[in-house]
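Work out the full structure: start from the sequences and follow the hints.
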Amino acid sequence: MDSLALLLAATLNSGTVLAFAALGLLINERAGIVNLGAEGMMLVAAVAGYATAVHTGSDWMAFAGGAAAGALLAAAFGVLVIWLNTNQYATGLALSLFGTGFSAFVGIRYTQEKLTERPSFQIPVLTDIPFIGPAFFRQHPMVYIAIALTAALAWFLYRSRAGLVLRAIGESPESAHALGYPVRRIRLIAVMVGGALCGVSGAYISVVYTPLWVEGMVAGKGWIALALTTFATWRPARVLLGAYLFGGVTMLQFHLQGEGVQIPSQFLTMMPYLATIVVLVLISRNATFIRVNMPASIGKLFFPGT
Amino acid sequence: MLKLEARSESSKVMSVMSPVLAMAITVVIGTALFMLLGKDPVRGLYVFFVEPLKSVYALTELAMKATPLILIALGLAVCFRSNVWNIGAEGQFVVGAIAAAGVAMTADKDTGRWIVGAVLVAGVLGGMLWSGIVAFLRDRFNANEILVSLMLVYVADQLLGYMVYGPWKDPAGFNFPQTITFLKSTNVPKLFPGFRVNIGLIIALCAVGAFWVLLFRTYAGFQLQVGGLAPAAARYAGFSSRKALWTALLLSGGMAGLAGALEVAGPLGQLTPYVPAGYGFAAIIVAYVGRLHPVGIIFSGVLMSMFYIGGELAQSRLGLPKSLTGVFQGLLLFTLLACDTLIHYRIRWQAARPAPKPLAAVAIGTSTATGKGA
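Chains A and B supply the protein sequences, listed in that same order.
Remember, this note's numbering sits 2 above the position in the first sequence when you count from 1.
Remember, this note's numbering sits 224 above the position in the second sequence when you count from 1.
Hints were generated in silico from the structure; no laboratory data involved.
Just to be clear, a hint being listed does not mean it is correct.
In silico lysine to aspartate or glutamate, DMTMM-like type, Cα no more than 20 Å apart, as pairs [what the hints assert, rightly or not]: (1) A:K302 - A:E173; (2) B:K227 - A:E176; (3) B:K546 - A:E217; (4) B:K408 - B:D332; (5) A:K302 - B:E229.
Right under this line is the structure:
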């Protein structure tokens, strides 16, 4: 029973990493921009966050540092894609390759650094409930912030005028442009917000989740987050659910290793990646279903005045 | 203010000049980076761009590192030209290497030199198997090839780890995660005694010719490219997009697998966890910088190989981390994509006009706002 509670707690923690990144990517994809640079942004943000945490000792400053790094890289990507009309896939890929190299390069002096003792968190009263307490109420505040963010994002997209404009741009930038909305500026903002949230996720990995800086430590979570937006058919609540599902798969592997299951560890490590493929196959099988839910202008160039 | 204006015809000059311009910008940023790190930028650039060309030995090393990059990039060029986004060449390279190693380890002291051929074929088949999975899932289930091919890179890395830590571990290897050193008979023949460069270079150059013919002189190549540039036109002409998908993925997977086989049966001589060296990802940059053109890929392959060697030299001579290679590679692709804009657009100066005010959102009815629930 106790180990199940711990597994649930670890699942929430691991899902939070994916949730921040995938919610961010959801925002820019709703505006019609796919950013394949998620992995690179998260890696650079992980270093930036870790460095901030080492120097300031504050987790919150670290998240801010990670968000700033993510937003900055996303802005570079956004200018290329939105104003210079470069191919979104190729540019995102360039960002991922650059981020992988750059994070390894600047991070080298932090591989030896250690963070101060991590504080533990618990919500008073609720934490003492047997089973439920250890499973749900002893988490880092960011875990609850991720849930609140999901709700806020759902409200923003479906209940606010700004969200409606964002979705309109993603469905038909031409129409939004004809109505006089600054399509490119709004897209840039969406891309930067997406980058900032990927940055928060990256910083969460290096400062809270692991907490360590190791070269390449994001280990494909950026790509899994990209896949998550598709599984979730671009809906915030489903993104969160998907993130927990994948968090669970990742944690199950450690759990099984801990239980001494006789499967080579490499096959257990493969699980999240294989699960991504399997779920992607299941959800994509119905092409019409994906097409109906996908923002219509996704991945396409928009050049006003043509 | 500056404004982009679409050219009526894409500029041939810019399409050649863009990589040169991108390279120049990367060098400028590199110089700034060296200065920022307190290193002499002249020495830094010397290590990257002169040292790898200084001696015959250095040149053969350059050619040896360029070989896998050119091989993989050729396959990727076909993919990208047909609008198939295979970015998992790294995984196909690894599986090719595993398959090749499997064959190489069956050799005993009586095995003839024919085994080299079998090793290379195994590599090709291994790579094709891995990219074939991507093609199958895309074709049959419409699964996004970008994500599937990338996820399979991680799976391939784990598979390699399993083989070298598990069943294929050298019993006499002091428990190091590595296979036995392959017998001499399985090694890819070297071109000159005393140098590491092997017949892989000749294979790569022949492949350049073959891919040029395929892309520009055959009907199949024409069909692939029409499918990439104008899917609607290709459909109208009756060109099968499924065939294009399978062709592009199997070709690129096979090439990546071949590169993997040449690597393990060549300079490495055994399977270790360090087989994945990032060639599959660097080859994406090689393909783009080479304009997705077989001849261009030779040049960009050599350039990227200089980055690899320069990075190693920067580590040993200047005490800089080897990851500098990745920084420069990423920067080059980034600046290249920006410069490529000039192929299709020209920059014009235009006086700023006041932007029109948004029409109040009357036109988008508020009723749609409550359309879909979260």
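Here is how each hint holds up against the structure:
1. A:K302 - A:E173: Satisfied, since the Cα-Cα distance of roughly 11 Å is no more than 20 Å.
2. B:K227 - A:E176: holds (19 Å)
3. B:K546 - A:E217: holds (12 Å)
4. B:K408 - B:D332: Roughly 10 Å separates the two Cα atoms, so the pair holds.
5. A:K302 - B:E229: holds (18 Å)
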